[in-house]
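Assemble chain B onto chain A, guided by the hints.
If you read the sequences in order, they're chains A and B. With the numbering used here, the residue at position 59 of the first sequence is 64, and numbering never jumps. With the numbering used here, the residue at position 14 of the second sequence is 19, and numbering never jumps.
Be a bit skeptical, because a hint or two may be false.
Since copy identity is lost for identical chains, a pair holds within one copy or between any two.
[Unchecked claim] Each computed DSSO-like pair below joins lysine-lysine, with the alpha-carbon atoms no more than 30 Å apart: (1) Lys336 with Lys29; (2) Lys134 with Lys44; (3) Lys336 with Lys78; (4) Lys134 with Lys355; (5) Lys13 with Lys355; (6) Lys253 with Lys44; (7) Lys253 with Lys396; (8) Lys134 with Lys396; (9) Lys355 with Lys44; (10) Lys396 with Lys316.
Source of the hints: derived by calculation from the structure; they are not laboratory data.
There are 2 protein chains.
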Amino acid sequence: MTKSATKKRVVIIGGGFGGLYTAKALASKDIDVLLIDKKNHHTFQPLLYQVATTVLSPNQIASPLRHILRRAKNVEVLLGEVVGINRENRTIRLSDDSETSFDFLVVAAGARHSYFGNDNWEADAPGLKTVEDATEIRRRILTAFEDAERDAYLTGDDTPINFAIVGGGPTGVELAGAIAGIARHVLVNDFQTIDTNRARVMLFEGTDRLLGTFAPDLSVKAEKQLVDLGVEVHTNSLVTSIEPNRIKVGDDWIPVRVTLWATGVAASPLGRLLSADTDRAGRVLVRPDLRLSDNDNIFVIGDMASLKDTKGRIVPGLGSSAMQMGKATAKNILRLIRGEASVPFTYLDKGNMATIGRNKAIAEIGKVHLSGLIAWLAWCFVHVMLMIGFKNKILVLFEWVWSYVSGQGSVRLITGSSEPK
Amino acid sequence: MTKSATKKRVVIIGGGFGGLYTAKALASKDIDVLLIDKKNHHTFQPLLYQVATTVLSPNQIASPLRHILRRAKNVEVLLGEVVGINRENRTIRLSDDSETSFDFLVVAAGARHSYFGNDNWEADAPGLKTVEDATEIRRRILTAFEDAERDAYLTGDDTPINFAIVGGGPTGVELAGAIAGIARHVLVNDFQTIDTNRARVMLFEGTDRLLGTFAPDLSVKAEKQLVDLGVEVHTNSLVTSIEPNRIKVGDDWIPVRVTLWATGVAASPLGRLLSADTDRAGRVLVRPDLRLSDNDNIFVIGDMASLKDTKGRIVPGLGSSAMQMGKATAKNILRLIRGEASVPFTYLDKGNMATIGRNKAIAEIGKVHLSGLIAWLAWCFVHVMLMIGFKNKILVLFEWVWSYVSGQGSVRLITGSSEPK
Numbered sequence: 006m007t008k009s010a011t012k013k014r015v016v017i018i019g020g021g022f023g024g025l026y027t028a029k030a031l032a033s034k035d036i037d038v039l040l041i042d043k044k045n046h047h048t049f050q051p052l053l054y055q056v057a058t059t060v061l062s063p064n065q066i067a068s069p070l071r072h073i074l075r076r077a078k079n080v081e082v083l084l085g086e087v088v089g090i091n092r093e094n095r096t097i098r099l100s101d102d103s104e105t106s107f108d109f110l111v112v113a114a115g116a117r118h119s120y121f122g123n124d125n126w127e128a129d130a131p132g133l134k135t136v137e138d139a140t141e142i143r144r145r146i147l148t149a150f151e152d153a154e155r156d157a158y159l160t161g162d163d164t165p166i167n168f169a170i171v172g173g174g175p176t177g178v179e180l181a182g183a184i185a186g187i188a189r190h191v192l193v194n195d196f197q198t199i200d201t202n203r204a205r206v207m208l209f210e211g212t213d214r215l216l217g218t219f220a221p222d223l224s225v226k227a228e229k230q231l232v233d234l235g236v237e238v239h240t241n242s243l244v245t246s247i248e249p250n251r252i253k254v255g256d257d258w259i260p261v262r263v264t265l266w267a268t269g270v271a272a273s274p275l276g277r278l279l280s281a282d283t284d285r286a287g288r289v290l291v292r293p294d295l296r297l298s299d300n301d302n303i304f305v306i307g308d309m310a311s312l313k314d315t316k317g318r319i320v321p322g323l324g325s326s327a328m329q330m331g332k333a334t335a336k337n338i339l340r341l342i343r344g345e346a347s348v349p350f351t352y353l354d355k356g357n358m359a360t361i362g363r364n365k366a367i368a369e370i371g372k373v374h375l376s377g378l379i380a381w382l383a384w385c386f387v388h389v390m391l392m393i394g395f396k397n398k399i400l401v402l403f404e405w406v407w408s409y410v411s412g413q414g415s416v417r418l419i420t421g422s423s424e425p426k
Numbered sequence: 006m007t008k009s010a011t012k013k014r015v016v017i018i019g020g021g022f023g024g025l026y027t028a029k030a031l032a033s034k035d036i037d038v039l040l041i042d043k044k045n046h047h048t049f050q051p052l053l054y055q056v057a058t059t060v061l062s063p064n065q066i067a068s069p070l071r072h073i074l075r076r077a078k079n080v081e082v083l084l085g086e087v088v089g090i091n092r093e094n095r096t097i098r099l100s101d102d103s104e105t106s107f108d109f110l111v112v113a114a115g116a117r118h119s120y121f122g123n124d125n126w127e128a129d130a131p132g133l134k135t136v137e138d139a140t141e142i143r144r145r146i147l148t149a150f151e152d153a154e155r156d157a158y159l160t161g162d163d164t165p166i167n168f169a170i171v172g173g174g175p176t177g178v179e180l181a182g183a184i185a186g187i188a189r190h191v192l193v194n195d196f197q198t199i200d201t202n203r204a205r206v207m208l209f210e211g212t213d214r215l216l217g218t219f220a221p222d223l224s225v226k227a228e229k230q231l232v233d234l235g236v237e238v239h240t241n242s243l244v245t246s247i248e249p250n251r252i253k254v255g256d257d258w259i260p261v262r263v264t265l266w267a268t269g270v271a272a273s274p275l276g277r278l279l280s281a282d283t284d285r286a287g288r289v290l291v292r293p294d295l296r297l298s299d300n301d302n303i304f305v306i307g308d309m310a311s312l313k314d315t316k317g318r319i320v321p322g323l324g325s326s327a328m329q330m331g332k333a334t335a336k337n338i339l340r341l342i343r344g345e346a347s348v349p350f351t352y353l354d355k356g357n358m359a360t361i362g363r364n365k366a367i368a369e370i371g372k373v374h375l376s377g378l379i380a381w382l383a384w385c386f387v388h389v390m391l392m393i394g395f396k397n398k399i400l401v402l403f404e405w406v407w408s409y410v411s412g413q414g415s416v417r418l419i420t421g422s423s424e425p426k
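Bound conformation, chain A alone (with noise of 0.2 Å):
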């Protein structure tokens, strides 16, 4: 047992990149901490579409957070659904009824998509946040090929294979792009009926561009990149209904076999535990120091905090926030704990990055912009260098130089059983 009537005792709620990088942060200090999940494992998000569209395995992505974590003997590990938050003792509750206190607690459950308010919706149009949403949609994209094919073969019917993807966003660009690559190279040697070459992919944004938060100039340049890999980009374009096999855009209906859902925000439901001031994403407004207005011991962090920082910018959700606010909330429990004032977080800006297909990408660091081959580049290096792990570096690189030049996925796996429709 590490528990210890003594030591201060940290809970954090979510092992992503926020509570993640707080629990290391911790590590090895002389205080006793608890990271709890509801999954057994560390996603890297970033890289989840990759998943989804057939380059790499679950487990490439994804490590066991008491693995990461085996050498941080102050530190353990639950697999567990945290229920309620009471402030008043400082207790959680997990779903099986047990408790457990803390001293400090720092939440860090993330956030999922929102579907602002037809959540009905999501049946249709699923989202991309975890490794089981990851294989849900890599065989939606797989089955509607092989769907295609065994119609075309065996009836001549010949109904086009439309997939549409809501939100150009970066999660909405990299699944166009990735989607395209698919159609266009990675299976179109393997079907003999039908010509998977005429797949259209199209990507609806709401706003006038792609990619809202880059520069202007840069959003030209990705949406020329994806129209160059084949993909129809709509910007000022609603949707505004999502049915089985057709969504509604404006005014018009397009069929469709597979729709993707990659816009909004909704923050965990935790948050609403919390009965904190949230914003209209549900994120709860914290103090500079990342904890609660009205309470000293709770920290929210990740995507699930709403804040400015000490600049006045507002802090985007972000991996690398989120990774930034851990190590932050780390630092101000270890001072409050020895009696000093919290300091408040100021955010590092360390550029950003989106990938739209083979040697296509953009970046905007401070003021450089760059895009094409060498920002391809630079995101595929500074992808495999935050990967955790010396193992999954060699496995990502390998996959990711084996797919470039044999032009294949490694991953064309239709698995589960649910029906997409």
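Below, chain B without anything else, positioned relative to chain A:
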């Protein structure tokens, strides 16, 4: 379209060893071949237990059928489920009600486990036949340790971590050895509160020895190697009831966290659609040339077929037999199309191996009986050679070497959401 009015048309149901090797042997011949499977991939079943026990990932032992057969331009591959076979009209019907015709039909849909009339046991004691089965078993094994850790940490509960494997054939022996390895080596440093060494792995076999298809001296050696790994081997122990968290062996109830089923054979229910004679396991009784007794156009091969070969031996349900039957069937189909007589099937016994754990295995090749390290190396060599695809060979070798050197399983992900019990 690859369909043609003049060419003979062969439909193969099932992309396991039997169906895949039939299709490969018919590649580039002047006939139309259609291979239909419920999955989009061929599964290398001999290594499924390594997916279930965290060593390999699903994509390393499963490859898309249409990719394996992409160069065979006369072979169409379809994802579909056959629900009807019309012997008179020579047509099959798929679950979407589409139909197609055949001149020759090869039924190679394999087998699942039989629960001997207790199908309700399956929920609490899953078997291992598909990639989905393997990830579900992996989920249950890892979740058992996670649950134990959470209970021990939060409530001090120390219910033993008991695993029960029902059936002492190759799959049961492999699972038992591998789970013991996970507990003793892979996980031991990852858990702070529980001692995974205390996990009990119990293997129950109804007859008086393990691995009844091997020579008795090898059964003895296999049992000794399992005991060395810490497995409790119970022969003459019939499991008479299975419930959540406990099983009944003879008259005694034993508390367990995970039960796995590794005994009994039930041929695919497609056998019934053929209106043919079957044995007790639902295997179709076929003529020596593997055709139905009363039909000249339908072959049944692999685990679905029951026959004694030309030398009077019962052909065992092995991947090796299925491959040989597939090749023989392809040759017979070509003979029949040319107007020649078919040739009876002769089974070539290539020997039999079972692996038990690190450096531990048995092998029986004719009169040569091997065990221990040499058998284990032979097993590794044969299985890498049999894998489909250069890349999978490389990756599996890499994983094995990594796992051998590091003592770590690679793929310790809990995915999926179904509740274990």
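Each hint, compared with the structure:
no. : hint               : verdict
1   : Lys336 with Lys29  : within (11 Å within a copy, 62 Å between copies)
2   : Lys134 with Lys44  : both (12 Å within a copy, 25 Å between copies)
3   : Lys336 with Lys78  : within (19 Å within a copy, 63 Å between copies)
4   : Lys134 with Lys355 : within (23 Å within a copy, 48 Å between copies)
5   : Lys13 with Lys355  : neither (33 Å within a copy, 64 Å between copies)
6   : Lys253 with Lys44  : neither (35 Å within a copy, 32 Å between copies)
7   : Lys253 with Lys396 : neither (45 Å within a copy, 43 Å between copies)
8   : Lys134 with Lys396 : both (23 Å within a copy, 29 Å between copies)
9   : Lys355 with Lys44  : within (28 Å within a copy, 44 Å between copies)
10  : Lys396 with Lys316 : neither (39 Å within a copy, 51 Å between copies)
The structure is inconsistent with the numbered hints 5, 6, 7, 10, although it conforms to all the rest.
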